[in-house]
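Taking my numbering, the leading residue of the sequence shown gets 47, the next gets one more, and so forth.
Simulated from the structure, these hints should not be mistaken for laboratory data. Warning: the hint list may mix true and false statements.
[Unchecked claim] Lysine to any residue pairs mimicking SDA-like chemistry, simulated, CA-CA at most 20 Å apart:
hint, residue 1, residue 2
1, Lys-166, Ala-259
2, Lys-66, Leu-113
3, Lys-66, Val-117
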Amino acid sequence: MFTALLLSFGVIFVAELGDKSQLMAMTYAIRYRWWVVLLAITVATTAVHAVSVFVGHFLGLSIPTDLISIVGGLAMLVFGLWTIRGDELDESESARAQRTGTSVMFAVMSSFFLAELGDKTMLATITLSTDNNWVGVWIGSTIGMVAADALAIIVGATLGRKLPERAISIGAAVLFFVFAAWLLTEGIVAAASTPVTIAAISATVVILALGTAYIVAVRRARAARAASDVVLVTSTSKRHL
Numbered sequence: 047m048f049t050a051l052l053l054s055f056g057v058i059f060v061a062e063l064g065d066k067s068q069l070m071a072m073t074y075a076i077r078y079r080w081w082v083v084l085l086a087i088t089v090a091t092t093a094v095h096a097v098s099v100f101v102g103h104f105l106g107l108s109i110p111t112d113l114i115s116i117v118g119g120l121a122m123l124v125f126g127l128w129t130i131r132g133d134e135l136d137e138s139e140s141a142r143a144q145r146t147g148t149s150v151m152f153a154v155m156s157s158f159f160l161a162e163l164g165d166k167t168m169l170a171t172i173t174l175s176t177d178n179n180w181v182g183v184w185i186g187s188t189i190g191m192v193a194a195d196a197l198a199i200i201v202g203a204t205l206g207r208k209l210p211e212r213a214i215s216i217g218a219a220v221l222f223f224v225f226a227a228w229l230l231t232e233g234i235v236a237a238a239s240t241p242v243t244i245a246a247i248s249a250t251v252v253i254l255a256l257g258t259a260y261i262v263a264v265r266r267a268r269a270a271r272a273a274s275d276v277v278l279v280t281s282t283s284k285r286h287l
């Protein structure tokens, strides 16, 4: 077991360096509390590698990953659009935001889970579990991936303290779109099917169109609200004079 643990730790740690999920960890750490991101990644990684070990050791099968990659890519697209949209908080909401809620935890966990399904680290874990102790592979691969992503979280948390909020939002949105393109391309290439390609492209166009329309509407509403606030403040000042 210990040998399998060390072997899987080394293989997965090296495989994770420079991987898209490590970049995702850095992106999330820029925007959210580092311990929330690390906890969410640990939970998602434990679950994904449990599936990998089960498939590799007990079933000896490989799983189709094309549709999973496409779904993950579409999810990343939604995350990118939501980041561009931005948020406005009143005083009570700002106070609640300081206590990072379960929504952030769930978003990070779900995106990592989808991104890792079919990724090379999952395939490596499946391969390792076929000929090695499955408990050792599960523990070692999970620790290896979390350790690699922890390095990215340190970088992201450090950058988050030095960059302005606008730059962080733009950078995060760009990275989410890169992840979306990455996953969608992987899924389409793996599927090698015209219907799947058409469906993936159509879904992408629909999400972009609806997301853009929604963002424009939100920006207009904010501008109108800001203008009304200015008028209200001006009229109040005149009355006091």
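These are the hints, each one checked on the structure:
1. Lys-166 - Ala-259: The given pair, whose Cα atoms are some 36 Å apart, is violated under the 20 Å limit.
2. Lys-66 - Leu-113: The hint holds at about 18 Å.
3. Lys-66 - Val-117: holds, 16 Å
When the structure is compared with the earlier hints, a violation turns up for hint 1 alone.
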